[in-house]
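Chain B: place on chain A using the hints.
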Amino acid sequence: VTQLLADALDAGGDAEVYACGPPPMLEAVRALCDARGVPAQLALESGMACGYGACFGCVVPVRGGGYVRLCVDGPVLEAAQLDTCLTADPVPTQR
Amino acid sequence: MSPPVSFCGLELGHPLVNGSGTFDAIAARRVFGEAIATAFPFAAFVSKTITLEPRHGNPPPRLYETAGGLINSIGLPNKGLQGYLEQDLPALDWLPVPLITNVMGSTAAEVSVLVEAVEARPEVSAIELNVSCPLTAKPLVVKLTPNTADVSLVAQAAEAAGADAVSLINTLRAFAPSPGGAGGPWLGGGTGGLSGPAVRTVALAQVRAVAARVSIPIVGMGGVSSGRHAQDLLEAGATLVGVGTESFRDPLATDRIRRQLQEIAANGPVSAR
Chain A
1 VTQLLADALD AGGDAEVYAC GPPPMLEAVR ALCDARGVPA QLALESGMAC
51 GYGACFGCVV PVRGGGYVRL CVDGPVLEAA QLDTCLTADP VPTQR
Chain B
1001 MSPPVSFCGL ELGHPLVNGS GTFDAIAARR VFGEAIATAF PFAAFVSKTI
1051 TLEPRHGNPP PRLYETAGGL INSIGLPNKG LQGYLEQDLP ALDWLPVPLI
1101 TNVMGSTAAE VSVLVEAVEA RPEVSAIELN VSCPLTAKPL VVKLTPNTAD
1151 VSLVAQAAEA AGADAVSLIN TLRAFAPSPG GAGGPWLGGG TGGLSGPAVR
1201 TVALAQVRAV AARVSIPIVG MGGVSSGRHA QDLLEAGATL VGVGTESFRD
1251 PLATDRIRRQ LQEIAANGPV SAR
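Protein chains in written order, with this note's numbering: chain A, 1 to 95; chain B, 1001 to 1273.
Looking at chain A on its own, in the form it has when it is part of the complex:
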């Protein structure tokens, strides 16, 4: 997937990338777009306790420090906000 994306981005022309998927893939997409200055929006996932902004359980770290809540500030974030997608929950919350 990421090789196809790299080829497409390198073929030239205007592009904006919209992606969802597992954190390692989103991280690859983010890095590819970041290196080329291509805007991207990424749909992230996390386990949530409340879902409306009360519990602060579903956060991801953002550039410049601090966290945003995926339930109220996401789940789709501008890739430029992020240093990495890898801290998003890699698997659903365990039982």
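All clues stand as given, with none of them false.
Some but not every residue of chain B turned toward chain A, in silico, with C-beta under 10 Å:
no.	residue
1	D1024
2	G1057
3	L1063
4	P1251
Simulated DEER-style distance windows between Cβ atoms:
no.	chain 1	residue 1	chain 2	residue 2	range
5	A	A80	B	Q1082	28 to 36 Å
6	A	G64	B	T1201	38 to 46 Å
7	A	A80	B	L1153	48 to 56 Å
8	B	T1148	A	A35	50 to 58 Å
9	B	P1179	A	A43	20 to 28 Å
10	A	A11	B	E1065	42 to 50 Å
11	A	G65	B	A1035	31 to 39 Å
12	B	E1065	A	Q41	22 to 30 Å
13	B	A1035	A	V72	14 to 22 Å
14	A	T2	B	E1065	28 to 36 Å
Source of the hints: derived by calculation from the structure; they are not laboratory data.
Ideal Cβ positions, reconstructed from N, Cα and C, are used throughout, including at glycine.
Chain B only, in chain A's frame:
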């Protein structure tokens, strides 16, 4: 309607309050609108913990679901005292019930600054505290950790130091292993705190133990998800009952719990039916 409850001089409509950090009145109003102001589910609103300086909280993941429970390692993210006083208190001016502000400091001096600043605000009716016991004019509720050999001794110490009430239980320290194996933690904070149905019987035991040793009122909480559970804590010696993790599943669950509690009160004890 259930009879009003008197708690540290506050007259409350019923005995159900939220556990700190499990319900956010400002976020709830954003989601539920005016309805939350006219039918607020709790008899008093307990804020999330406020610290002197702003905190970002712990790195994620912050949550782990267990059989019958939830482990969290949130790390007390908050705007800090100044942010709370300047942003949150004005945003709570619609609150139809007393506000209990929860504060935590890492030194006695820090706690004093927090308590004095919060106490000076007319919007705040009482203060809940995680550690030591400064003198206050407004009621001071000391929240007790269950992670101790004998919680009733800690409760007695809080009472002797001037606490007006104690609340318990806080979460039980717990560890969630990373699914990757190798013994590492799943939670970014390392260990977390277990709450939910799994801890309810622990709360019952600890509230009973504390009630036998102190005469100040008790806010009992831990795994309450029905009126029966709330009634059990009241019978164990609690004056108020906190609802926490159940509010994550349904922020308005306490409406149902209150109705169930009223039904139980109306029907009298099971043995008398």
